[in-house]
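Novice: Protein chains in written order, with this note's numbering: chain A, 1 to 513; chain B, 1 to 583; chain C, 1 to 336; chain D, 1 to 100.
Because the hints were derived from the structure by calculation, they are not lab data.
Here are the simulated DMTMM-like cross-link-like pairs (lysine to aspartate or glutamate), alpha carbons at most 25 Å apart as the crow flies: (1) B:K144 <-> A:D457; (2) B:K419 <-> D:E88; (3) B:K337 <-> B:D503; (4) A:K448 <-> B:E149; (5) A:K428 <-> B:D179; (6) B:K497 <-> B:D147; (7) B:K144 <-> D:E88.
Computed footprint of chain A on chain B, listed as stretches where at least three residues anywhere in the stretch have a Cβ under 8 Å from a Cβ of chain A: (8) 119 to 130; (9) 166 to 180; (10) 562 to 575.
Some but not every residue of chain B turned toward chain A, in silico, with C-beta under 10 Å: (11) L22; (12) A23; (13) T56; (14) R95; (15) W578; (16) L582.
Positions of the beta carbon are idealized from the N, C-alpha and C atoms, including for glycine.
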Amino acid sequence: MSHLISIVTENLPMLQVVLPMLAAPLCVVVHHRRATWWVALVVTWASFANSVALARKVYLEGPLSYFVGGWEPPWGIELRIDELNAFVLCLVSAICAVVLIAAPRSFDQEVESDRHHLAYAAFLLCMTGLMGIASAGDAFNVFVFLEISSLSSYGLIALGPSRRALSSALRYLIVGTLGGTFILLGVGLLYMSTGTLNLVDLQQRIPASDGHRTIVVAMVCVVVGACIKLALVPLHGWLPDAYTFAPSVVTAFLAATATKVAFYVLARFLFSVFGVASSIDRFHVDWVLLPLALVAMVYGAAAAIFERDVKRMLAYSSLSQIGYMVVGLALVTKSGLTGGIVHLVNHGLMKCGLFLAIACVVLRFGSPHLGVQRLGSTHLDRLRGLGRSMPWTSAAFVLGGLSMIGVPATVGFVSKWYLVLGAFEAGKWWVAALILFSSALAIAYVWKVVEVLYFADPPRREDEVGEAPWWVLGPTWVLVGASLVFGVWTAPTVRMASAAAEVLLPALAGAGP
Amino acid sequence: MTTWLQSLPPGVIMAVGGLLLLALRGRALQFGLVVLPVVSYGHLLALPAEHVVQLTIMGLDLVPVRIDRLAMVWGHVFHWAAILSAVYALHVQDRVQHAAAIAYAGSAVAAVFAGDLVTLFVHWELTAVTSVFLIWSRDDRARKDRDPEECYRAGLRYLIIQVASGVVLLAGICLRWADGGGLEFEGLATGDITSAPLWAQLVFLAFGIKAAFPFLHNWLQDAYPRGTHTGTVFLSAFTTKMAIYALARGFAGTDLLVPLGVAMTLFPIFFAVIENDLRKVLAYSLNNQLGFMCVGIGIGTELALQGAAGHAFAHILYKALLFQSMGAVLWSVGTCKATELGGLFKRLPVTALCCMVAAASISAFPLTSGFVTKSMTLSAAAEGHMTLVWLLLLFASAGVLEHSGIKIPYFAFLAPTKKDWSAIERPPWNMRAAMVTTAVLCLGIGVFPGVLYRFLDFQIEYEPYTALHVVGQLQLLLFATAAFVWLVRIGAYPHEKRATILDFDWIYRRALPAGWDRVVRRSSVFWTRGGRLAENARQDGLVWIQRWVGDGAALTQTRTIRGIALWVLAALAVGLAWVFWLH
Amino acid sequence: MDVLLFAFLVATAVWGVSRLRDLFAATMMLSLFSLLSAGLFMVMDAVDVAFTEASVGAGISTVLLLSTLSLTHRREKRRERRLDPAALVLVFAVGALLLWGSQDMPAYGDPQAPVHTYMVPRFLEQSGEEVGPPNIVTSVLASYRGYDTFGEATVVFTAAVGALLLLTGLRRRGEADSREPGGDEQGVRMRGNVILRVAIRPMIPFILMFALYVQFHGDYGPGGGFQAGVIFAAGVILAALIWGLHRVREVFTPRALELLIAGGILLYGSVGVVAMVRGGNFLDYDTLAHDPVHGQHLGILLVELGVGITVASVMIALFLLFAGRGRRSPSAVESG
Amino acid sequence: MTGREPDGDGLRLLVEPATTTRWVRVLYAVCVLLVVAGEGLRFFSHAFDHVHYGFEAWPGFYGAFGFVVFVFIVYCGRWLRGVVSRPESYYRVDEPERSK
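Here chain A stands alone, though its shape is the one from the complex:
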């Protein structure tokens, strides 16, 4: 037994990826609808426990390095876990674990039963990909796992009940492949000009070839590729449809994880691999990213205000929130980065909660493809008066929405607080003003839903529906609750985020709060 424990503790970074990676084929082998769910559930929770243990270890002992196959880098492949990826890993595995609880109910409704085992396998593969990216210490690994997560997410999105899910998936596939290809190009160019693929090694060898055009092209390729996966405006075209037409839980899962990991890739390459001296001081990538992020922030919120489909509205709100994260990154200050990184987790929690609340609604109204109603089940008009018939769902939505606005005592406030601080630190008060302006826009779109939920009369008596089952409502409230808890008890998230920011900006470690 102790032998087993020591194996586990020795291999924590590896198990993080291997667990879901092997569970996916296992799901295919098991084949039974519910049994596969159990496999997936056990594995994701184990993985969550694993990532928490890993994070703890990283905080106690410093960055961990794991040599796959026993070959030391740069010849072999390294998994490298520091405060930043430990944090991202925790988010991804936590979201997977929680979402999976809600998955069966939602899949039962939206996915044909003979495809469930494949859906769980794809879910686990997507998780594998995301965990693989987040734990990779090797540039080519980033690409390989990006492909795994992308391919599986295309499949998951295409599972959506509406026919348009397929075209959305196709669009995402093509655009996502473009993004992946750019990253591959960048990695290839980096390998060409440095001869290594290891991230730490790259970091050391790149300054030696500073100003090398190949490296500059590689930087542009990687940044553009990551921004596509991140859906930073104007490269966001795939996102609204993909989120709207995917099955409810898939949307919840992807919205909370996929773009976050892309953000991680962007931050990792810009700050660690290319280095602040090169990417920021020399080539001022922040000057390009900051305006885009600000546009994203305002554009996403403005579009969300006018959107009548709630799921799509949340998708646009995601664009806006992605803008916040990138703003934090582009400010290049300690507080700003802390804000961006903590928003990565905070937005993951609250957006996942919101999308799960939508999943509750879809469960009760039936998906547009199965029912006879002409309005989609997530259309605003379908939510009229739902505050009465589905009080818990509505309340969860409202709380998530408050967090989206950034009301104090919610996680949204914590993120925005640090972003605003970061803006002041960088001397860019107008950025702070825009952040507040965008929050004001968030009030408008959240309010729109609240109004419909609580102040509009239900359309017809026979449309009265009951509350969603606790299997879905529970995870929703876990996430909403987490977004409240971490809004008050900010120590864990903020401490981890600021440690992560220090990893990215070692030069500024002393500054800031």
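Please arrange chains B, C and D on chain A, whose structure you already have, making use of the hints.
Specialist: Coordinates of chains B, C and D only, in the frame set by chain A:
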């Protein structure tokens, strides 16, 4: 356990428990409604008299709990008001309204005990967000006065202004923090506010919005008359008095508060004379009372500050009682328009009597609470040799009598009318019980002022019942009453008239939209010449934005793959060009 | 030369995708792009990358794209059709910029290039002792970078899962929607082709044998699981064309294919896990046998076998799925 | 619940036309008495020794002040009504339609 309870900020029991009310119905809801404020009050009383809890979050040193003498005045009366209002609202079966009301009361209490600005800000915004539901909620009893559309819009305006106050506060806090200042909430400025740092001015402005400073006041008269018949009782107690507390805590002795306060005592009087909606009259009178407190805080001497605190204490009770009685009228008759009322005392004698007690209190008749508290401010002004201020406050005292002391009871209960009220329903027992209790409290404070002063731990001796004071005040009030009678008899007193009275809200409800409209219309001419944007911009800016990002608009329609790919390509081109240019 | 080729590639592919409204053609363009870049990697000696790109980008992604296309409209909706100068300008701008950016790439075959001076010397000099197989590519692929290869095999698996998800759905939708073109079974048509039957039938056993050779001889010459899997699948596909789908389906039932697809990955993964259990790191073959060299040998063999199984069965499964498209096949009933 | 409240017959005295005049006279009488009481204070106590302002000690100062102020306020109100009074539907009619 003890420490855990001790570190729990007072009021949080209500603020959090209020949300739990959402899950209750029927008897349990009623039970929770009353028990929560009682438990919260018990919790407050169990805490030590001087008590501070510190906490560090996100690198900010916060003081979620700071109990001292000044805060305790508000702590007591807010709980009294919460309990009485809860009893008063017991008959209403509306979870949302109750939850909002209790959470609102709780966050107001918590704000009072906030020891730092961030905590204050949090509760500051919470009160805004929760209280708005008292304006939005349905109230079948008050249909005639509360057009849902009107209430919705008024609530929205209210919310915007309240949240704006919070945003200004936050801006002030951030500026102070950016300047390297601390977050402690204590003595932020004094003396000349115009030469204070910008952050202090912003915080002052934020407090001023909620304290309904002149030109910032209109949300009060706009929103309060549109609350539900029970909701307005809650509203009248907390928001503005919380702001008064904040001013007393942060800006005691700020000179500007004196002229501001005087202005606040004066201008509402004239509006109140001609206003038809009696609850709006009360809103104006509320504004006038806040003026007295502001003057007291502005004078800043110990006597003045305690006068302001005592006045706030008494004021919350008698103002609540006034709104309670008007709420009872609203419940029974369905309207509070003076033109529709009169002679109600026959049918609602208890309500009428309570209303008169409240009217006497607010007018500061001897043996009522107003008499023993308001005069402290006047004395402080006199001791500070502010003759003009003193005279104007005396003027305002007579004005208070006009609109709250006479107009309210007269037009609601006494004025001659041909209407037959025998068919209307009398208010339920809980409303009457709440009113009677509040009335007893008003009288009790008036009769035993020493008990109040000691209860509030006042540090100075003040004796309101001097022969001269009693006689002088009685002269003032009774001669004014005589003037009223005389004016009515000679027919000079203006008859009530259904009307909309323009106030400062005209600026943002009428002038600004019209101006905006004009600007946009003008500019559309420019755009016509300019090109394709013309048709977009004709109506207003919103439509223009909608044009771009609205449902299915140019920027939000589903992208073709070609479009996305082009964007990707463009991004690549821009990125490459950018780095090569810098290379 | 390859620099030019590379810049041309990016521009052409992106331009092609953006210009073409016909999704089928766009898909083909993308596939071509992947194939060409695989070639490029090949030229640059990154064989494993090239293989992955070829099988995933050009092969399986294309199959996925096509399967999706068959469910949706072949053409994107549009309002107007005109030559877009913006696209043209952008393409040439990017092309020019990339050309500019590629100026200081190391020359092709330059022995002083970082690629050749940094990691390669150790691979060349020590892999024989450290790992064993004379084929250094195999050493790098399966041992030094075994985790990558595992990832790539998983990519293939993922693509298969995606295709299965989509295509099982296709059948359902095909039944509901009579507008779906009736799928003529290719096998039925092909069976009439005498030449094909006569010419190819004798080759099939040899193809399968060759696949096994490539599989197990990967240590010594070019080859390995990916190639072997594809070759094996090609053999089976040919067999299906000649003898008919149903015959192949009798052997490779959907369930069996699922098991094989998953089994290959599980085999690969379990080698890694066993290494972990035996006290090494994941995929540390040294621990598998009594001495490191034997361990490496055994590990590489098993791992390559896993890759081969997965790749072959994925190919076969995809082919069967497509060939059976639109037809109410027994497997649909079975899996339901 | 509502039946227990007594009818307000006692209060009717206040407004019956026959009695109102009597009440008004009582009011005037009390006013006069208060002035007298004030003067009484001047002669029989030291109440006026400590007033803040001299004019507070003028006979009937408070009463006169109250009366004048009240009349002033009412006339101001009448004037103000002419300036700011608008039809009840003032805002309702002209505000733009709520966007849907």
